[in-house]
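Participant: Spelled out, the chains give:
2 protein chains.
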Amino acid sequence: MTTQRKPPSNATRRNEASRRAILAAAFELVQEVGYAKLSIEGIAARAGVGKQTIYRWWPSKGAVLFDAFLMLSEQPDGGESALPDTGDLEADLKAVLRATVEELNDPRYDEPMRALNTEITHDPALAALYAERLDGPMRELKKGRLRSAQRAGQLAEDLDLDVAVDMIWGPLLNRWLQRAGGLTPGYADSVVETALNGLRPRR
Amino acid sequence: MTTQRKPPSNATRRNEASRRAILAAAFELVQEVGYAKLSIEGIAARAGVGKQTIYRWWPSKGAVLFDAFLMLSEQPDGGESALPDTGDLEADLKAVLRATVEELNDPRYDEPMRALNTEITHDPALAALYAERLDGPMRELKKGRLRSAQRAGQLAEDLDLDVAVDMIWGPLLNRWLQRAGGLTPGYADSVVETALNGLRPRR
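Residue numbers (my numbering), protein chains in the order written: chain A, 1 to 203; chain B, 1 to 203.
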């Protein structure tokens, strides 16, 4: 980094601390009481701030929860995270999908993630925001890893990378949302192998 | 059919007519007012029955809506529907997925299907019922079609048919739930081709 930044003022630091306290409180509270019973009042009380502080920054509890997810996805150093690239695509994808399975099975994330997905399902504006701020950047990372494999001749030249991403990550998310079967490391491996090899016999 | 059935009594016929009127009313009403504002009172008024008639048969509005979906999936002759099997697996799957795309884009189904999916996401008991009564039988039909192709040597011998079903149908449902991109006939075709051929180069 060559640009010099002015050190943040005390007021900026205090605002940032409040913002983080509010987002952490929202994330904790939705786990405990569920999304239906989550309220701005409850978040304010848990974060030790006034209700009006929250309303100054966010229009709704959905917006607060969304930013809580954004905070979780931020890297501590402000940099971009990337998917592992050891050169072995199959092993890298299995590692990533196994980590996703672990996250989806983590009780701390269960209720907040279901709430976020429900809000997206019913709210086109939030869906657009989600696509732009959370899913979009994540999708670019996934496509970046696939593109590197494609350049190495490990993936078909004419592959539509968006369809490929849907095919690798879609089944896990679906199974989790619909509670349609066990989400195990073995399932993650099987999805990766089946997506790479395809359903037809390989000759 | 060789079994003889007793003709239904007038009371049975009346009950069946009320049941169908209630389910049709619930399905219509959720399109108009959304799931959050759907109420047993509203369904009763629309169907022209008393509230207590509905409560006698269903514990909640979610249960009514679920049965409305079951009614939609029933065949008029009480038989099992099957997926098309012309011998050309790729063409058959494309036809089925294109029909699914059309259904998911139909404004009449949009709100009821989003409501059902939301309820399943948050309610493990309803998810179990859904798996048993709706998704399970549908999944068997899909696996039946794939099994027939597998026997014909068109699919890999060691293919896990559950993973295959997730890979073909998962991306569409996901894209629809997350509003994550256009749901077009071209997308349906691309999913089928990519799933069958796999992501790797085919030599």
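The set of hints was computed from the structure by calculation and includes no laboratory data. Where is the CB? At the ideal position from N, CA and C, for every residue including glycine. Incorrect hints may have been included.
As the list claims (entries may be wrong) - No more than 30 Å apart at the CA atoms, straight line, and that leaves these computed lysine-lysine pairs for DSS-like:
1) B:94 x A:143
2) B:94 x A:94
3) B:37 x A:51
4) B:94 x A:37
5) B:94 x A:142
6) B:143 x A:94
7) A:37 x A:51
8) A:37 x B:143
9) A:94 x B:51
What the hints assert, rightly or not - Chain B residues, not near chain A, derived (Cβ > 12 Å throughout):
10) 9
11) 19
12) 42
13) 55
14) 59
15) 139
16) 167
17) 175
Participant: Each of the hints needs a verdict: does it hold here or not?
Facilitator: Consistency of the hints with the structure:
no. : hint         : in the structure
1   : B:94 x A:143 : holds, 25 Å
2   : B:94 x A:94  : holds, 28 Å
3   : B:37 x A:51  : holds, 27 Å
4   : B:94 x A:37  : violated, 43 Å
5   : B:94 x A:142 : holds, 26 Å
6   : B:143 x A:94 : holds, 25 Å
7   : A:37 x A:51  : holds, 16 Å
8   : A:37 x B:143 : violated, 40 Å
9   : A:94 x B:51  : violated, 52 Å
10  : 9            : holds, 39 Å
11  : 19           : holds, 27 Å
12  : 42           : holds, 19 Å
13  : 55           : holds, 22 Å
14  : 59           : holds, 18 Å
15  : 139          : violated, 9 Å
16  : 167          : violated, 6 Å
17  : 175          : violated, 7 Å
Violated hints, listed in ascending order, are 4, 8, 9, 15, 16 and 17; each of the other numbered hints is respected by the structure.
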